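Residue numbers (this note's numbering), protein chains in the order written: chain B, 1 to 141; chain X, 1 to 146.
Honestly, the hints are just simulated from the structure, not real lab data.
Quantities reported herein were computed from a predicted structural model and do not represent experimental measurements.
No residue lacks a Cβ here, since even glycine has one placed at the ideal position from N, Cα and C.
Take these hints with a grain of salt, some might be off.
[Stated by the list, open to error] Have a look at the derived ranges for each label pair, beta carbon to beta carbon:
| hint | chain 1 | residue 1 | chain 2 | residue 2 | range |
| --- | --- | --- | --- | --- | --- |
| 1 | X | R64 | B | T78 | 33 to 39 Å |
| 2 | X | L2 | B | S80 | 42 to 48 Å |
| 3 | B | R46 | X | A44 | 32 to 38 Å |
| 4 | X | P41 | B | P43 | 38 to 44 Å |
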Amino acid sequence: MENFTPVSAALGGVLIGLSAVLLWLTHGRIAGISGIVGGLLTPRTRDVGWRAAFILGLIAGPPIVAALAGGMPPVAVTSSAGLLIVGGLLVGYGTRLGSGCTSGHGVCGLARLSPRSIVATGVFLTAAIATVLVTRHLVGV
Amino acid sequence: MLRIVTALAAGLLFGAGLTVSQMVNPAKVIGFLDIGGNWDPSLAFVLAGAVGTVALGFLVVRRRLAAPLFAAAFDPPSARGIDRNHVFGAVLFGIGWGLVGLCPGPALAALAIAPAKVALFVGAMLVGMAGFAVFQSLAARRKQAR
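Full structure from sequences and hints, please.
In structure tokens, the structure reads:
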């Protein structure tokens, strides 16, 4: 467990939580990333403005923090191009079909004690752990 | 204008949180999911910090305000039941997440840091989301035609 970083992890978690509280306080909306992005990709798109602004902030936040901290955080993507495409398709389709991802179900849903979110979080965590077990230990993609 | 500024601020905070916690790094996320390897429990601490903050924050907001500051009403997710699609969607998402180590938030947050590889994932993710919307409207039209 030499990579374990509990303090920065919890601190980052609090910032993510504050973001969700801010969006709830000002817009009355749940900070679920797949829902915010997916809402722009439906036939009848509503409230483009705040969705686009949130996504812009999400993309711009990391380089700004990096500039303040004096260095880009490591982003190690080890997957092949094919795996990135398959993974992206599954994440995109799956989060819309399941009505949420790690932020909407995992953070906001668990905090609101939503039974739907508790089930979804248990299921996607189990599926992800099983996938890593298979790909990193059994077959080696 | 305030609606846009506050949404932008919320996005910036979210991106900052993912950076500070290193969740923008797929290797860090895989380290958490890989319970059979060199396990890194950090993601559980991110989740605990975020869930605790949201639980407390939502409680305070609910006690003090009848409506959000810049919208007509609070808009919580519509309470639909737990059906087959809901569970199947979570399974598909979990497989994709485990394959690459990226979920929607960190994927967008990592876009400006490692554009070459992350853009491929984000592009496919957007196609998957749009594909779902297309399937859904086709299914709705078929139901109407019946």
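Would you say the C-beta atoms of R64 of chain X and T78 of chain B sit inside 33 to 39 Å of each other?
violated, 46 Å
Starting from the hint 38 to 44 Å, judge whether the C-beta atoms of P41 of chain X and P43 of chain B obey it.
holds, 42 Å
A range of 32 to 38 Å was offered for this pair. Does it hold for the Cβ distance of R46 of chain B and A44 of chain X?
Taking Cβ atoms as reference, R46 of chain B and A44 of chain X lie about 35 Å apart, which means the hint holds.
Look at the Cβ atoms of L2 of chain X and S80 of chain B and judge whether their distance stays inside 42 to 48 Å.
Roughly 44 Å apart at Cβ, these two residues keep to the hinted range, so it holds.
In this structure, the one hint that does not hold is number 1.
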